[in-house]
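Peer 1: Place chain B on chain A using the hints.
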Amino acid sequence: MTSSSLIDQQVEAAALKVGVRDRLSALPDSLILEILSLLETRYAVRTTFLSKRWRDLWTTVPRLKFVHENPHFIYRVLVRWRGAKIVGFYLQLSYEEFCFSDVDSWLLFTVEKQVEELHIIVLSFDRTPYYCPPQRLYSCSSITELHLGCYCSLEIGGSVQWNRLKSLCIKVPNSSCDDAVNKLLLGAPCLEEMTLSVIVKSDENFSIRSISLKKLKIDGPVDVKAILSIWAPNLLTLVIGEYVVAGGGCLFYVPSLTKAFLTYKSDYPTNQVSYQTLRSIFRPLHDDLEVYYQILRSICHVKEVTFRNCHIESLLDMKKKYMVLQFPNVEFLMQEWDMSVYCLLDLLGLLEMFPQLKTFVFRLDKALHNLKPIFRKATTFPRAFLFHLNTVEITWFAEDPSIFESIEYLLRKAPFLHKMVLHLVYYRDNHELFLMAEEKVRSLPRCSPTVELIIIEHVALKP
Amino acid sequence: MTEADSEIIKPEMLKAYVWLQTSDGSIQQVEQEVAMYCPFICQEIHSGMGSSKNYPISLPSRVNPSMLSLILDYCRFHQVPGRSNKERKSFDEKFVRMDTKRLCELTSAADSLQLKPLVDLTSRALARVIEGKTPEEIREIFHLPDDLTEEEKLEPIKNTMDDPRIRLLNRLYARKRKELKERERLKVITSLFLPCDNVEIEEERGDERSVDDLLSFINGGGEDSKGTRTSKNKKKSRKRKDLKAASTNCTSTSNNTSSSSNDVDLNKKETNELHSESGNPSLHNKLLNDVCNATKLLDIEDDGLAAEDEFDGIDPALKEKLDREVEDFARRLNSDWPEIMQEILSRGQERRPLPLTVNGNGSLRRYTSSDQRHK
Numbered sequence: 001m002t003s004s005s006l007i008d009q010q011v012e013a014a015a016l017k018v019g020v021r022d023r024l025s026a027l028p029d030s031l032i033l034e035i036l037s038l039l040e041t042r043y044a045v046r047t048t049f050l051s052k053r054w055r056d057l058w059t060t061v062p063r064l065k066f067v068h069e070n071p072h073f074i075y076r077v078l079v080r081w082r083g084a085k086i087v088g089f090y091l092q093l094s095y096e097e098f099c100f101s102d103v104d105s106w107l108l109f110t111v112e113k114q115v116e117e118l119h120i121i122v123l124s125f126d127r128t129p130y131y132c133p134p135q136r137l138y139s140c141s142s143i144t145e146l147h148l149g150c151y152c153s154l155e156i157g158g159s160v161q162w163n164r165l166k167s168l169c170i171k172v173p174n175s176s177c178d179d180a181v182n183k184l185l186l187g188a189p190c191l192e193e194m195t196l197s198v199i200v201k202s203d204e205n206f207s208i209r210s211i212s213l214k215k216l217k218i219d220g221p222v223d224v225k226a227i228l229s230i231w232a233p234n235l236l237t238l239v240i241g242e243y244v245v246a247g248g249g250c251l252f253y254v255p256s257l258t259k260a261f262l263t264y265k266s267d268y269p270t271n272q273v274s275y276q277t278l279r280s281i282f283r284p285l286h287d288d289l290e291v292y293y294q295i296l297r298s299i300c301h302v303k304e305v306t307f308r309n310c311h312i313e314s315l316l317d318m319k320k321k322y323m324v325l326q327f328p329n330v331e332f333l334m335q336e337w338d339m340s341v342y343c344l345l346d347l348l349g350l351l352e353m354f355p356q357l358k359t360f361v362f363r364l365d366k367a368l369h370n371l372k373p374i375f376r377k378a379t380t381f382p383r384a385f386l387f388h389l390n391t392v393e394i395t396w397f398a399e400d401p402s403i404f405e406s407i408e409y410l411l412r413k414a415p416f417l418h419k420m421v422l423h424l425v426y427y428r429d430n431h432e433l434f435l436m437a438e439e440k441v442r443s444l445p446r447c448s449p450t451v452e453l454i455i456i457e458h459v460a461l462k463p
Numbered sequence: 001m002t003e004a005d006s007e008i009i010k011p012e013m014l015k016a017y018v019w020l021q022t023s024d025g026s027i028q029q030v031e032q033e034v035a036m037y038c039p040f041i042c043q044e045i046h047s048g049m050g051s052s053k054n055y056p057i058s059l060p061s062r063v064n065p066s067m068l069s070l071i072l073d074y075c076r077f078h079q080v081p082g083r084s085n086k087e088r089k090s091f092d093e094k095f096v097r098m099d100t101k102r103l104c105e106l107t108s109a110a111d112s113l114q115l116k117p118l119v120d121l122t123s124r125a126l127a128r129v130i131e132g133k134t135p136e137e138i139r140e141i142f143h144l145p146d147d148l149t150e151e152e153k154l155e156p157i158k159n160t161m162d163d164p165r166i167r168l169l170n171r172l173y174a175r176k177r178k179e180l181k182e183r184e185r186l187k188v189i190t191s192l193f194l195p196c197d198n199v200e201i202e203e204e205r206g207d208e209r210s211v212d213d214l215l216s217f218i219n220g221g222g223e224d225s226k227g228t229r230t231s232k233n234k235k236k237s238r239k240r241k242d243l244k245a246a247s248t249n250c251t252s253t254s255n256n257t258s259s260s261s262n263d264v265d266l267n268k269k270e271t272n273e274l275h276s277e278s279g280n281p282s283l284h285n286k287l288l289n290d291v292c293n294a295t296k297l298l299d300i301e302d303d304g305l306a307a308e309d310e311f312d313g314i315d316p317a318l319k320e321k322l323d324r325e326v327e328d329f330a331r332r333l334n335s336d337w338p339e340i341m342q343e344i345l346s347r348g349q350e351r352r353p354l355p356l357t358v359n360g361n362g363s364l365r366r367y368t369s370s371d372q373r374h375k
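Quick note, the sequences are listed as chains A and B, same order.
Residue numbers 1 to 463, in the numbering used here, belong to the letters of the first sequence in order.
Residue numbers 1 to 375, in the numbering used here, belong to the letters of the second sequence in order.
Isolated chain A, as found in the complex:
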């Protein structure tokens, strides 16, 4: 006993010399609470065992984060929690773990504590049953970010008072949701960002009207037999999911639009239905040429456009049918590719639609990294395109020689090329291949004197 206390003393003396102290506790409470609110609550609660000072420190942590906890734990935490205000409440559960009435209790608790960021995500294999949020949620005026990751049946009695809501993300399952959605929009005068997943299969019009909205993301399946209309004069970014289709037509009034993402991959749960079946029920946007043409015309003033591969065919079809399209302001064009053959020539046929194109980005879907797509090159590019070209970013495989011819052509012929970024994908044991490719590209002759060549490597598993 005595020997160990002697050692303790020595250790302490040494520590004092070096100046080692309890660094973490030297931080002020507010900082510690900030750090704790970055953790999942189950770890934050454990700090009660650290020392006397930390006993009740966690009870005022401003953000609560529960990921796959059992409901009893959540109740216990909420009973002990004694802060004045909840800044963030984040809940992620899978459907088997709880029942919706529990979520009601927790939600009401947070609403009472003036919650600002509320995220409730329910993981389940299918979208039923639907969650019906309590009425008091709609009159919660403190909320700034609401993210309900499960299909909600919106039954709004009275008006919505989301005066400070800036960001909304909801999923609405039924066809009479148009009213409900517009009620929400009316009640959220400051709403800037909205992500909406709707399942609409009806003959009714579906419309979204908001003055304040700056970014809108719509996901389907939307099969409105009548008209899909978006009236958002201040909208800057529009993202349309792949299952959005409007049988009767589209009316987009989006004069301020600068960025358009046409069809991103939907996260609609497709594990019960095959992709083909889904496609047969809900025809994707670009299949209906008339409607697609309408949409493109109403957004033709954008500056940045992102297409997925499926659009190229539709665009070519439109060209054949003399449906004229021009994107006079587009300076940035991005293509996300997830099919196994890429024919550059197709794209070149469409380049005249983009007279001001300065930046061209071609991105390959990650899933394709393990396959072997084919690149059908083109050796002539339209002159106007080359003259405007400022930045190019291409993703392809290091071992495929056909890409190099096109790259070489671009480098040789684009006089104002400022930056070229090449993402070269190579298989794990072929690093030399990548190095060879890199060397080769760097040695190519360049027309523009100031071009900056950036080569980034991506490793893929062998197919």
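One thing to keep in mind: the hints can contain errors.
Unchecked claim - In silico contact screen, one side only, chain B against chain A (beta carbon under 8 Å); selected entries: (1) T107; (2) D111; (3) Q114; (4) P117; (5) I130; (6) G132; (7) L144; (8) P145.
Because the hints were derived from the structure by calculation, they are not lab data.
These numbers were taken from a predicted model, which means no experiment stands behind them.
Cβ atoms here follow ideal geometry from the backbone N, Cα and C, with glycine treated the same way.
Peer 2: Here is chain B on its own, set in the frame of chain A:
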């Protein structure tokens, strides 16, 4: 005005500089644009301080010289406007790779200088350190005093065993264990009862083979093997059939009136048949009879294999009853083992010798009194 002053003092420099004083008294000269990235310093500059060596900006006490140099490195990188998000992110990642002590100090210093982006960055790094570690580990890393009493430390663990869910789970596990044990014993029974080539009891394969063997044994070995059906369902239903067969045998031998409640359709007429056949010979003869009946059952049921699916939907109450009956039968079989073996051997001598398999329980009980028949 500030700019003019500094320019007079250092006319050859194109950049503006400010003077900063740390808690230990040392004074540093820093480019103004870099220092301005910190809101605290920015405020001080606007209120006129820091323009000359004699009037340096005195930084809060939490900022020591080493921390100051780190912070200035951070500012120097981020105040350049042309950097892409990716570049900033990778810089940040490399920047926070330091030991936790310095991380705490840096957080403290950045907080006092109101440099929110750096505070966020270091807080996230500290959170990553704390995440997932036990309190002991955290105490060790940060040198926190271990001043809780033992009672306080054990508080939450004391009462957890009383959790009703844990109680329910324990009950379920006990039940499961019991079921598994029964199944084991039944497996042993079927392997003994129906000769197999291998001792290894691989559940489904053993089942199929045993039926084959049984059929060929009973029917003179010329019967086409019906065991070529390889679908798992069929195997499972075959197993169920064995259970059923065993249970019906059990019921017939024990003459349980409750056996008639065996209301699975396919068995109904067979049960009647069995009842008619079960006479009053000695127990082991009866059992052997039942073996034959069982195979007849199996034989008949083979044709009705398609309708087997309803077996899978058996309700738990019935299943439990069957399990009980099986256990009963198994127990009795176990006790009569030697005599049964004799009989089987004598009968099957011309065909092939039966390997003796050891009872799963590891015991071959000698059954002396046949009076201890369970009736």
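Peer 1: Next, verify each hint and record whether it holds.
Peer 2: Structure-based check of all given hints:
Interface restraint check: T107(B) against chain A, minimum CB-CB distance 6 Å, threshold 8 Å, status holds. Annotation: interface hint on D111(B) holds; nearest CB of chain A at approximately 6 Å, less than 8 Å. A distance limit of 8 Å between C-beta atoms decides the matter here; for Q114(B) the minimum to chain A is near 12 Å, and the interface restraint is violated. The interface hint given for P117(B) is broken, as the beta carbon of that residue sits about 13 Å from the closest beta carbon of chain A, more than 8 Å.
For the restraint placing I130(B) at the interface with chain A, the shortest Cβ-Cβ distance is roughly 6 Å, inside the 8 Å limit, so the hint holds. Hint on G132(B) holds. Least Cβ distance to chain A is approximately 7 Å, under the 8 Å limit. Interface hint at L144(B): satisfied, since its Cβ lies 5 Å from the closest Cβ of chain A, which is below the 8 Å cut-off. Given the 8 Å rule on beta carbons, the hint for P145(B) holds: about 5 Å separates it from the nearest Cβ of chain A.
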